[in-house]
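Visitor: Input sequences plus hints: build the corresponding full structure.
Letter by letter, the chains look like this.
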Amino acid sequence: MASFSSTHFLFLAVAALWTLGLTAIAFVGGGLVGFAVALARISGNRILRITAAVYIQIIQGTPLLILLFLIYFGVAVIGFKTVPAILAAGVGLTVYSSGFLAEIWRGCIQAVPSTQWEAAECLALTRWQRMTRVILPQALRMATAPTVGFLVQIVKNTSLASVVGFVELAQAGKLINNSIFEPFTIFIVVAGFYFAICYPLSAWSRNLERKLNVSHR
Amino acid sequence: MTAPKGLVSTGGVMGYHFDFAALLPYWREFARGVLLTLQLSALSTVLGFVLGTICAIGRTDGTRLIRTCIAAYVEIIRNTPLLVQIFLVYFGIATLGIHVSANMAAVTALVVNVVAYTSEIVRAGLESIHKAQLEAADCLGLSRPQIYWHVILRPAIERVYPALTSQYVLLMLASSITSQISAEELTAVANRIQSDTFRSFETYIIVGILYIALSFVVRIAFWAFGQTIFVRRRKLHTPL
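Chains A and B are the protein sequences, given in the same order.
Sequential numbering from 1027 applies to the first sequence in our numbering.
Sequential numbering from 448 applies to the second sequence in our numbering.
The hints are simulated quantities; they were obtained by calculation from the structure and are not laboratory data.
Wrong hints could be hidden among the right ones.
[What the hints assert, rightly or not] Negatives, chain B to chain A, calculated, CB over 12 Å: (1) P472; (2) T510; (3) C516; (4) I576; (5) R680; (6) T685.
[Said to hold, decoys possible] Computed, partial: chain B to chain A, Cβ under 10 Å: (7) F465; (8) F467; (9) R525; (10) A584; (11) V616; (12) S622; (13) Q641; (14) F648; (15) L661.
Computed from a predicted model, the values in this text were never measured in an experiment.
Beta carbons are placed, not taken as given, at the ideal position from N, Cα and C, and that holds for glycine.
Guide: Right under this line is the structure:
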């Protein structure tokens, strides 16, 4: 029986790139959708507000695993015969991260003191100008640390994309394990890869938090 | 399509016909899945809370070696996916030559995971206790265990209780991942039912709704529990 070799290590390294790619898709997609949902969540329109709140509740109340299955089988329902794994995984993780990012960003936008809104209104800025010139720049400063923190969650949760057949780190580990059955070695190496990706992000997030000193204000 | 109204929605999206009636005979299995998910998460929550609190105390008051070890443990757990941790625990236990059921391995993995998060949350609570409180307690002649229990631990937990609640709701949702080592909880039940009936989409819709309901139930349970144990909050209606 073959044992864990450099070929396997290389295979895992390539899979780690797919993990990064999937993370990027989920973060960009989830960021765009999440931002729209965050704005809807604080909009003046009541229906929009409630819809966004329900969307967030549903996403945050369902396990990612179930979301992935729903999208995987749901795409088939709307008529596609075969679902490429990257599509199912990408859409699933996008939906998932949008629900969480929306709530993080809503909190940051609402944490901008209300006097800032009032002052902007007194200066006769339009709602759009108020948002882009006054509120968002301040909210952005507060949002950076928790957003980077959530990026770590996305990286870790891409591991679940393996259930729809997407070959990223965790799935690559499973595949190798199926051929040489050395689970302990393999998954330690896999965990090492994840740690190498996530730890710098965590440290960065902590650093940002300290710099902004948000928690001590 | 001649199906009884009410049970079957014939409103297909692009020709797809939803058939929830096919899943009706499986309600017992769904119920068992819900029960097992609750059991798994309740057990992991209790163990995770106790061990996590001990770790938090060790992290703040332990010797240098203990502090470093706990810090390293927390960083490792928080920066690797639960799925990989589950595999490591599952296969790790097997490598040690101990034979445990998938459910036991699932609980172990969930506890190993949630202890790290709990300890960080509780530590934040412990650090929020003002030094003057300890000095005041000392002046009142309270013993060290008394100070720890009444002045440090209880107010600290009360302060971080909302964060703990969120963490344990997430834990309940994350327990779905243990289906990957065939622990018999709700998601695993769903996987089996959908392969039996081929009504995959409907199965996961039902399970999704069940999870949403479960997360509400868990939240309410935590709120009610908080109301009973934090007497001060109940009487004064103010957060600490």
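Visitor: Taking the hints in turn, state whether each one holds.
Guide: A quick look at each hint next to the structure:
1. The non-interface label for B/P472 is consistent with chain A: the shortest C-beta to C-beta separation is roughly 20 Å, beyond 12 Å.
2. No Cβ of chain A comes within 12 Å of the Cβ of B/T510; the nearest lies about 24 Å off, and the non-interface call holds.
3. Every Cβ of chain A is farther than 12 Å from the Cβ of B/C516; the closest lies at roughly 17 Å, confirming the non-interface assignment.
4. The beta carbon of B/I576 sits about 16 Å from the closest Cβ of chain A, which is more than 12 Å, so the claim that it is off the interface holds.
5. At roughly 23 Å from the closest C-beta of chain A, the C-beta of B/R680 stays outside 12 Å, upholding its exclusion from the interface.
6. For B/T685, the condition that its CB be more than 12 Å from all CB atoms of chain A holds, with the nearest at approximately 21 Å.
7. Of the supplied interface hints, the one on B/F465 holds, with its beta-carbon coming within about 9 Å of a beta-carbon of chain A, less than 10 Å.
8. Taking 10 Å as the C-beta contact cut-off toward chain A, the hint placing B/F467 at the interface is violated, the least distance being around 14 Å.
9. The beta carbon of B/R525 is positioned within 10 Å of a beta carbon in chain A (closest approach about 7 Å), and the interface hint is therefore held.
10. Taken as an interface hint, B/A584 does not check out: its beta carbon lies about 25 Å from the nearest beta carbon of chain A, beyond 10 Å.
11. Because the closest C-beta pair between B/V616 and chain A is about 8 Å apart, less than 10 Å, the hint holds.
12. For the restraint placing B/S622 at the interface with chain A, the shortest Cβ-Cβ distance is roughly 8 Å, inside the 10 Å limit, so the hint holds.
13. Residue-level restraint check for B/Q641 holds (minimum Cβ-Cβ distance to chain A is 8 Å; threshold 10 Å).
14. Contact between B/F648 and chain A, as hinted, is supported at the beta carbon level, the nearest pair being about 4 Å apart and thus within 10 Å.
15. For B/L661, the interface hint holds, since its Cβ comes within 10 Å of a Cβ in chain A; the closest pair sits about 8 Å apart.
In this structure, the hints that do not hold are numbers 8 and 10, in rising order.
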